[in-house]
Amino acid sequence: MITNALGRKLPEEIPGYGKVRPYEGWNARKPEEHRDGPRIRATFNDRTDKVVPDIKAAIKASGLQSGMVISFHHHLRNGDFVVNAVLDACAEMGIRDLILFPTALFGVHKHLIQHIKSGVITKIWGSVNGPIGQLVSEGGMEYPAILRSHGGRPRAVTSGDVHIDVAFIASPTADRYGNLSGVGSRSSCGSLGYAHTDALYADVVVALTDNLQPYPIASIAIPQIHVDIVVPLESIGDPKGIVSGTTQVTRDPLRLLIANHAAKLIEASPYFKDGISFQTGAGGISLAVAKFVRDAMRERKIKGSFGLGGITGFFVDMLKEGLFERLMDVQSFDLDAVRSIAENPNHIEISADWYANPWNAGCAVNMLDVVVLGATEIDRNFNVNVNTEATGALLHGIGGHQDTASGAKLTVITQPLLRGRIPCVVDDVYSVTTPGEVVDALVTEYGVTINPRRTDLMEVAREAGNVPLISMEELVEKAHNLTGPMDPVEVEDRIIGVIEWRDGTVLDVVRQLKI
Amino acid sequence: MKTTSAGTIESMDCLVTVTEGASGNGIAVTITGSSATRFGTAMKKTVLATVKELQYTGDISIAVQDNGALDLVLAARTKAAILRFLGGVA
Amino acid sequence: MRLRRTKLYLPGNNPNMLLRGHLFEPDGVILDLEDAVALSEKDTARILIQQVLKRGEFGNCEVTVRINGMDTDLWRKDIEAVVPFGVHGVRVPKVEDPREMQLLDEALSEIEDKAGIAQGSTLVFCLLETALGIHRAYDIAISTKRIAAICPGGEDLTADLHTSRSDSGVELVGPRRMVVLAAHAAGVCALDTVFSRIADEEGLRKETEFVKQLGFEGKSVIHPNQIPIIHSVFTPTPKEIDTAKRIVAAAAEAARRGLGAVQVDGKMVDRPVVKRAAFTLQRAGITEEEVQG
Numbered sequence: 000m001i002t003n004a005l006g007r008k009l010p011e012e013i014p015g016y017g018k019v020r021p022y023e024g025w026n027a028r029k030p031e032e033h034r035d036g037p038r039i040r041a042t043f044n045d046r047t048d049k050v051v052p053d054i055k056a057a058i059k060a061s062g063l064q065s066g067m068v069i070s071f072h073h074h075l076r077n078g079d080f081v082v083n084a085v086l087d088a089c090a091e092m093g094i095r096d097l098i099l100f101p102t103a104l105f106g107v108h109k110h111l112i113q114h115i116k117s118g119v120i121t122k123i124w125g126s127v128n129g130p131i132g133q134l135v136s137e138g139g140m141e142y143p144a145i146l147r148s149h150g151g152r153p154r155a156v157t158s159g160d161v162h163i164d165v166a167f168i169a170s171p172t173a174d175r176y177g178n179l180s181g182v183g184s185r186s187s188c189g190s191l192g193y194a195h196t197d198a199l200y201a202d203v204v205v206a207l208t209d210n211l212q213p214y215p216i217a218s219i220a221i222p223q224i225h226v227d228i229v230v231p232l233e234s235i236g237d238p239k240g241i242v243s244g245t246t247q248v249t250r251d252p253l254r255l256l257i258a259n260h261a262a263k264l265i266e267a268s269p270y271f272k273d274g275i276s277f278q279t280g281a282g283g284i285s286l287a288v289a290k291f292v293r294d295a296m297r298e299r300k301i302k303g304s305f306g307l308g309g310i311t312g313f314f315v316d317m318l319k320e321g322l323f324e325r326l327m328d329v330q331s332f333d334l335d336a337v338r339s340i341a342e343n344p345n346h347i348e349i350s351a352d353w354y355a356n357p358w359n360a361g362c363a364v365n366m367l368d369v370v371v372l373g374a375t376e377i378d379r380n381f382n383v384n385v386n387t388e389a390t391g392a393l394l395h396g397i398g399g400h401q402d403t404a405s406g407a408k409l410t411v412i413t414q415p416l417l418r419g420r421i422p423c424v425v426d427d428v429y430s431v432t433t434p435g436e437v438v439d440a441l442v443t444e445y446g447v448t449i450n451p452r453r454t455d456l457m458e459v460a461r462e463a464g465n466v467p468l469i470s471m472e473e474l475v476e477k478a479h480n481l482t483g484p485m486d487p488v489e490v491e492d493r494i495i496g497v498i499e500w501r502d503g504t505v506l507d508v509v510r511q512l513k514i
Numbered sequence: 000m001k002t003t004s005a006g007t008i009e010s011m012d013c014l015v016t017v018t019e020g021a022s023g024n025g026i027a028v029t030i031t032g033s034s035a036t037r038f039g040t041a042m043k044k045t046v047l048a049t050v051k052e053l054q055y056t057g058d059i060s061i062a063v064q065d066n067g068a069l070d071l072v073l074a075a076r077t078k079a080a081i082l083r084f085l086g087g088v089a
Numbered sequence: 000m001r002l003r004r005t006k007l008y009l010p011g012n013n014p015n016m017l018l019r020g021h022l023f024e025p026d027g028v029i030l031d032l033e034d035a036v037a038l039s040e041k042d043t044a045r046i047l048i049q050q051v052l053k054r055g056e057f058g059n060c061e062v063t064v065r066i067n068g069m070d071t072d073l074w075r076k077d078i079e080a081v082v083p084f085g086v087h088g089v090r091v092p093k094v095e096d097p098r099e100m101q102l103l104d105e106a107l108s109e110i111e112d113k114a115g116i117a118q119g120s121t122l123v124f125c126l127l128e129t130a131l132g133i134h135r136a137y138d139i140a141i142s143t144k145r146i147a148a149i150c151p152g153g154e155d156l157t158a159d160l161h162t163s164r165s166d167s168g169v170e171l172v173g174p175r176r177m178v179v180l181a182a183h184a185a186g187v188c189a190l191d192t193v194f195s196r197i198a199d200e201e202g203l204r205k206e207t208e209f210v211k212q213l214g215f216e217g218k219s220v221i222h223p224n225q226i227p228i229i230h231s232v233f234t235p236t237p238k239e240i241d242t243a244k245r246i247v248a249a250a251a252e253a254a255r256r257g258l259g260a261v262q263v264d265g266k267m268v269d270r271p272v273v274k275r276a277a278f279t280l281q282r283a284g285i286t287e288e289e290v291q292g
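Residue numbers (numbering that gives the first Met the number 0), protein chains in the order written: chain A, 0 to 514; chain B, 0 to 89; chain C, 0 to 292.
Check each hint, because a few of them may be wrong.
To be verified - Derived lysine to any residue pairs resembling SDA-like cross-links, with alpha carbons at most 20 angstroms apart:
hint, chain 1, residue 1, chain 2, residue 2
1, A, K477, C, G58
2, C, K53, A, A478
3, A, K513, B, T31
4, C, K53, A, N480
5, B, K44, A, L481
6, A, K513, B, T36
7, C, K53, B, L53
Calculated from the structure, these hints are not laboratory results.
Using the sequences plus the hints, can you model the full thing?
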């Protein structure tokens, strides 16, 4: 067993994963190699039409074999039809032992459970949510799920840790020569940020669209030089599940209370001035913080530089109002964001590599001032867990948590102290997603808890006079008093999940639940 | 069969149902819901302590359907359900 | 002098609100055993409130329980259940007769005695929800030393006046004035009724400004989002704060020098004015140390 820099004990090697490089620090590991690359194609003017009749024809043309790595993006979210349809086709064609490499999975993908049980899919290198997560947690897969962040995944692909055999890219609009766009159709998803790296680094790229347009299309997100095969489908997804209507700010008083405290901290910080950049989540407390910060920006006549994320109509309105100069969009959450990215040149589409990969000449999170994030657990050392629930089940992906926390000058976690009886503040997190050295503050309904490393923040918060402060020790004790003692989670020895840090080292492992 | 209950399954509450038990079985406690995995031990302890406090010595089944109740809420709902079972009011 | 700008109603059978209400920092909380609790659930609600009171985590809030009316057979059980466990006071609905308050006073004294609590320490807040209650406001306010405040009703009172609630609120202006007069004549607080249109923030602000001008010290609240609005209305302006600071500083200076009279800008300042200035600063959240630098 080896012990990493967070004190987590890890085996030297994990079956289905390989040799373990233990976490040594948030910016400790530096790469030495060159980037990996895809197979080189040569294409001449004897072929001007990449369209094939259906998914099975595409799979055949791609040369997909059992045991290969296939990838998908998650821009169609819970409205996606493509992942399920491709795996159904693989099953029917007798292709097995596939390694599924999605950028994320959603509830709609519980359809895949039958393919997991039958051996069509034997490995998942990506987050496992909902029913699939529960299945994995109870030991339903032979090999562990490998979790990577939005930045860690392109790092793994571009450095050759993961080589994609066939990338399947759902594309709201496409032409017959393989130019792809995320806008222009009823199944528009806006930014195709998570698909870019796969398009550039996979050996074969298959595009699936329900909106084939004459060559060449407008608003090209992924150009033809990367795309091998185009499949027209009746529908790539359900628009209602792809994007939500206008995202509303919560009216729940407890969430507003927490958001208010967080906004006060941000306003007291040295980053609350002209040129501020920030990122918040798509809803709940996070978006409410954006609202309060926006109100304060209006009042103090502060203009921001850019909004990053995860873009919602709220940020689009701020762009229109002149409170941001630009939006940098790796994922468009609602119809307002989709419309804006199509029309507004100041609303920029960025890839996951550009957004969050630590191994390039500088990703977007490095320029971020403030990020507001959630957590399922946080401990005395400010280590954060977003992956496992109180039952010990692995149910959530990492998302951009590790990347934004590393990059932002001020990382704020907002969370109610209690969800029912379950506390979010614990002595030690069950599994580590993001280490405390990149987390600056936790805000609960009891106030603002600042990481003691940030003496500068503690000082400005005290000076501001309107930031209610509570120490981590007090908060942990309060949680204990409110909830009482917790029974430990009962686990087997077997590892069912590996949590990588954005640099490919291992932060933690998740073990199988005893049923 | 005589059965009473108190509480709700709203957020931070629990529904405690008390039913006449089989003779000689003593006090049977079952706990389901969001807190069951991590707080089962503590919750059972609280239920039994409440029964003891009310000095009830018969055979009953107590079923707790939890939606995130803190200990004091569980104690209150258990007490109320048992008092109703005994035919009295607080 | 305790601030009573806001009192947040918390439904007595709702653990979520009972446990969290104080986090929104109202000046007071009202754990409600009356209208918020169905008849069949009064017993469970009493036990729940008892447990919550025993825990005793209410921040700096003034803690009161709205008991059931004295025209029911429930009020005795209500006060027996809650008074021994630490409440600042009880709020009584539909008060009409000073003799009811004397009866309540005796019952409370008995319970305080048995529980080893200082006699007379449990305050009484009277809701005047009928024409008769309003008419007898002064007599009710002086009926016992326990009376801390009198409050006009809203819906019930309007119904008793055989009219309806309007946007202008003219039907309640008269009763409100009578309550304010009676309260100040008797030396107790005047606290206004709830504003039920939760989403109407502008309407809440207007009504609060109006009742503040009439002489009320605060309002009852049914949703936490109403609290910051009401607090801001009752928060003094910078000018008022500045004047108050100078008065309080002058009074402190006079006391230091052993002088009987307090002067500000060459004018004499009476003791009630100094007291009022201190209260203004308290409302503004400014401490004595901050004034004296």
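For each hint, the structure was consulted:
1. K477/A to G58/C: holds (13 angstroms)
2. K53/C to A478/A: Within the cut-off at roughly 18 angstroms; holds.
3. K513/A to T31/B: Status holds; Cα separation ~18 angstroms.
4. K53/C to N480/A: holds (14 angstroms)
5. K44/B to L481/A: holds (16 angstroms)
6. K513/A to T36/B: Holds, at about 12 angstroms.
7. K53/C to L53/B: It holds: about 18 angstroms lies between the C-alpha atoms, which stays within 20 angstroms.
In the structure shown, no violation is registered for any of the earlier numbered hints.
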